[in-house]
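Trainee: Below, each chain spelled out in residue letters.
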Amino acid sequence: MSTATSRRNLLIFAPLGVALAGGTGFYLMLRGLQDGSFNPRGVPSVLIGRTVPEFSLPPLESSGLPTLASADLLNLPGPVVVNFWASWCVPCIIEHPHLMALHRRGVPVYGVNYKDRANDAQAFLTRHGNPYTRLGMDQPGRVAIDWGVYGVPETYILDRQGVVRWRWAGPITPELMSQDVNPLLDRLRA
Amino acid sequence: MIPEIGHFALIMALMLSVAQSVLPLWGAHRGDARLMATASPLAFAGLVAVGVGFGALIWSFVVNDTTVMNVVQNSHSAKPLIYKITGTWGNHEGSMVLWVLTLAICAAAVAGFGRDLPSGLKSRVLAVMGMISLGFLAFTLFTSNPFDRVWPPPPDGQGLNPLLQDIGLAIHPPLLYVGYVGYAVTFAFAVAALIEGRVDAAWGRWVRPWSLAAWAFLTMGIAIGSWWAYYELGWGGFWFWDPVENASLLPWLVGAALLHSAIVVEKREALKVWTVLLALLAFALSLLGTFLVRSGVLNSVHSFASDPARGVFILGLLAVYVAGAFALFAWRAPAMAPQGVFSPLSREGGIVLNNLLLCSIAAVVFVGTLYPLFLDLLTGQMISVGPPFYNMATAPLAFPLVVAMAMGPLMAWKRAAFWPVLQRLWWAACIALLAFILALVLGGWNALPALGFACGFWLLAGAVVDIGDRSGLGRTKLANVFNRARHLPRAAWGAAIAHAGMGVTILGISGMGLATERLIALPAGGTTQFAGYEWRLDGVRDFQGPNWTSRKASITVMRDGQVLHVMEPSRRFFPVGRMTTTEAAIRTNLARDLYAVLGEERDGPTGQREAVLRLHHKPLAPWIWIGAGIMALGAGLSLSDRRVRIAAPNRRRREAEEAARAGATA
Amino acid sequence: MKRLALVLALLASPALAQIGDTTYRLEDPTQEQRAREIGRELRCLVCQNQSIEDSDASLARDLRLLVREQIAAGASNDEVMRFVHQRYGDFVLLRPPVNTATLLLWATPVLALAGGLFAIWRIRRRGAAAAAGVGEVELTEAERARLAQIVPAPDSKGDHRA
Chain V
0 MSTATSRRNL LIFAPLGVAL AGGTGFYLML RGLQDGSFNP RGVPSVLIGR
50 TVPEFSLPPL ESSGLPTLAS ADLLNLPGPV VVNFWASWCV PCIIEHPHLM
100 ALHRRGVPVY GVNYKDRAND AQAFLTRHGN PYTRLGMDQP GRVAIDWGVY
150 GVPETYILDR QGVVRWRWAG PITPELMSQD VNPLLDRLRA
Chain F
0 MIPEIGHFAL IMALMLSVAQ SVLPLWGAHR GDARLMATAS PLAFAGLVAV
50 GVGFGALIWS FVVNDTTVMN VVQNSHSAKP LIYKITGTWG NHEGSMVLWV
100 LTLAICAAAV AGFGRDLPSG LKSRVLAVMG MISLGFLAFT LFTSNPFDRV
150 WPPPPDGQGL NPLLQDIGLA IHPPLLYVGY VGYAVTFAFA VAALIEGRVD
200 AAWGRWVRPW SLAAWAFLTM GIAIGSWWAY YELGWGGFWF WDPVENASLL
250 PWLVGAALLH SAIVVEKREA LKVWTVLLAL LAFALSLLGT FLVRSGVLNS
300 VHSFASDPAR GVFILGLLAV YVAGAFALFA WRAPAMAPQG VFSPLSREGG
350 IVLNNLLLCS IAAVVFVGTL YPLFLDLLTG QMISVGPPFY NMATAPLAFP
400 LVVAMAMGPL MAWKRAAFWP VLQRLWWAAC IALLAFILAL VLGGWNALPA
450 LGFACGFWLL AGAVVDIGDR SGLGRTKLAN VFNRARHLPR AAWGAAIAHA
500 GMGVTILGIS GMGLATERLI ALPAGGTTQF AGYEWRLDGV RDFQGPNWTS
550 RKASITVMRD GQVLHVMEPS RRFFPVGRMT TTEAAIRTNL ARDLYAVLGE
600 ERDGPTGQRE AVLRLHHKPL APWIWIGAGI MALGAGLSLS DRRVRIAAPN
650 RRRREAEEAA RAGATA
Chain R
0 MKRLALVLAL LASPALAQIG DTTYRLEDPT QEQRAREIGR ELRCLVCQNQ
50 SIEDSDASLA RDLRLLVREQ IAAGASNDEV MRFVHQRYGD FVLLRPPVNT
100 ATLLLWATPV LALAGGLFAI WRIRRRGAAA AAGVGEVELT EAERARLAQI
150 VPAPDSKGDH RA
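Residue numbers (numbering that gives the first Met the number 0), protein chains in the order written: chain V, 0 to 189; chain F, 0 to 665; chain R, 0 to 161.
This list has only true hints and no planted wrong ones.
Now the stretches of chain R that chain F is said to cover, found in silico as 3 or more residues with beta-carbon under 8 Å:
#, segment
1, 39–45
2, 50–59
3, 88–94
4, 101–107
5, 111–121
Which stretches of chain F does chain V cover? Using the computed rule of at least three CB atoms under 8 Å from a CB of chain V, they are:
#, segment
6, 288–297
7, 313–319
8, 325–334
Here are a few chain F residues that sit away from chain V, every Cβ distance over 12 Å (derived from the structure):
#, residue
9, ILE10
10, PRO343
11, ALA491
12, ALA530
For the record, the hints were derived by calculation from the structure and aren't laboratory data.
Ideal Cβ placement from N, Cα and C applies to all residues, glycine included.
One chain only, chain V, in its complex shape:
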């Protein structure tokens, strides 16, 4: 009888146990939300740790820049940044100065222009400056889908072997530059 009672007591403690475990979990989530380690919207890229899918894109003729293909992302002299952008995308304007800064520091920034018109893309570069050393035009947005991009801007960092090490969906911010982008680039260059 006494063992039966104690087992019954375990059942009686079940709701409390679930509530406490759940509460602890929620507390950790809230803490993570505040320090950025928990983000219910941050979806990791499937490409992390892998080389990029095969592709080749047409160039933006008017810019005179060389175009971009998967072959250009293998056996590199150093890490590169690949940035998906469009002239119609407002956050792209916000992050643009950071790309320019990377470009000035000699980091190769390769651009993929997403669902854009050639004239608009050119006007954007003329007006805001050109951070890209290579630029491909992905008008149908198919290469973006192959990369698993789900919106612009989206930025990838690839190491020398062309393996994707980092991905950010959304505009690059000063915090991201100092906390993620610059340290990673330094490490990959070393």
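Given the coordinates of chain V, assemble chains F and R onto it according to the supplied hints.
Mentor: Same frame as chain V, now just chains F and R:
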């Protein structure tokens, strides 16, 4: 000045709730009648204070007082008056005040209607409600003060989210809150019972009306929310298994289990510990919903702009109320008296099965909603749990539930026989089978909707069998049957009607399973044949609303050359807030909905302008919500039963009823 | 008919498909039905909790088109799902894949039902053991009196059955 009065009133309410949570509880503990007697006046005073606070907030919105931060963020002078008022609770801060007001109304109702409650139980119930009120008032005042001022005042507000500028969404939250808060009352009763260490039939009789009322309001709230999603989101769906929708479904499921098991407590003094647990769970899940929506741990179209600091506060409240109540449960529940005995095959047994299945469905929804969050927390993996999962995981549990739903009411208490029940239901089974075959043939061999039709008709026929059987159909003369049916307890009618309502909703959902749609681009004057109708786009024009501009299409729907409907779907643009919404046009004849949405406009292949239209044909769609209304009606009817009515009837009325009954059987 | 011809032309030259005829639907109704079923299983990544069939976001449109192109090209449902899954990971699947990480999720219905049945069995056995000593647990006279005092007696009519 008025906002300060409101703010002050809320602070007063906070003070009152402190007194309400301490004095009666202490009095009940000491057996001090004077202290216990403070419970009711404190509850009434609390209602007045919160009422003044809420009134002051409405006033600030109505006069568009731009010195109040909340008004600036959520209102605009160009908004129609009705949406200025409803905008009061269309935001986080205001909705918290409404939540607290609802709680105050319920506490006052317990105080007012509960004159015959044993004073110890009543004091403890009101004290627990005072504690809940205390927590949420503190949350409102310290983290979400709706009366914060801004200086200098901006010239005008920033407008309300246009999606919220809608009558469905204006009445949806208050209904949900009444539901959630109703479970605060049953929660308070459960906690009081745990403190007293006893649950008896009288307790069951007090908990039942509150669980019925809460469930009826929750049913209406969920139905209106789903109806809103149907006509406002413009995608023709009515239930998306969105985390926030799930958060409201969880207390509904557990609440449905509660209102059934409370009957067993009342009639048979069985399932006591379990019923107490359900009462705790129903409110715990209501609070969980509040936490999920407002803390920012999940993102949804429905959630308020969220803030982790608030989340921590709500989590703290949850810890106190939920963990506290469960700890009390673990401590006190074993002391409860042993349970009444019944055979597995009995009305009680049926209700246990109902509880088991409802709670299993609730467990699936609960785990499905929280699993991605916890998996992300523990492993960093991101997964989605969407409609395909829920449909697949809940259907096998819902099907036996529906089958049992028609059988349960026909079973006798304590011990029933299986075959007589089946015998009485054989023609209901025939109808269900017929519906299945017909739906299969007419619906293009779609097994799932056909099964749904069978379930729906099974429940409808089951409800008829239930009432017929109670009235002695087939055992006595028809005139007698009608007479007896008329004098059946309202609870019996209520149960049958609520079950039939579920059947109606299932029919509607099954009809939706046969819905068809067409996406087409038409130039002005272009026509298309779809779902047996001829649809002609007459044109698209500009239209000016009070605080929005829109493009409005005019579509003429014809059959055999006769004009049936003119539908005007539109796309609205709200300059304040820079948002676009789609306004679907819906025409119903109850047998089906025609549903049209205006998409983008563009240059067609031949150079002329075309508009993209999405046309839907949705058989039986309106019955989803009508069924929910019938369910709520059934619960309301049951609530009005003299046996469960909150106020005990006076002697004279009872005598009159007895006389009537005597006349009926004579 | 002219529009259909245009759609085919668009298909032939993917570079032009960016106009992404949003009304693009497969001609064959069974193929279109399949496309829709697949679409309902795929999450629109930029919106919350909507399938690509239910969303007007541009990526959802692209994916709708992509699904239909692949089906038109003769891909099986599995192949199309795998194609999208390879690019967007588990997050894109509204029906999570069954693996070690989701085992508990998928087991929930069975666990809940079995756990409930087990609890009922245990409690009944205990109840039966207790009842063997005490007999039927009914209201005591005192309780009955108290009940009658608090609330009017239950109307037993119409609720008790043979």
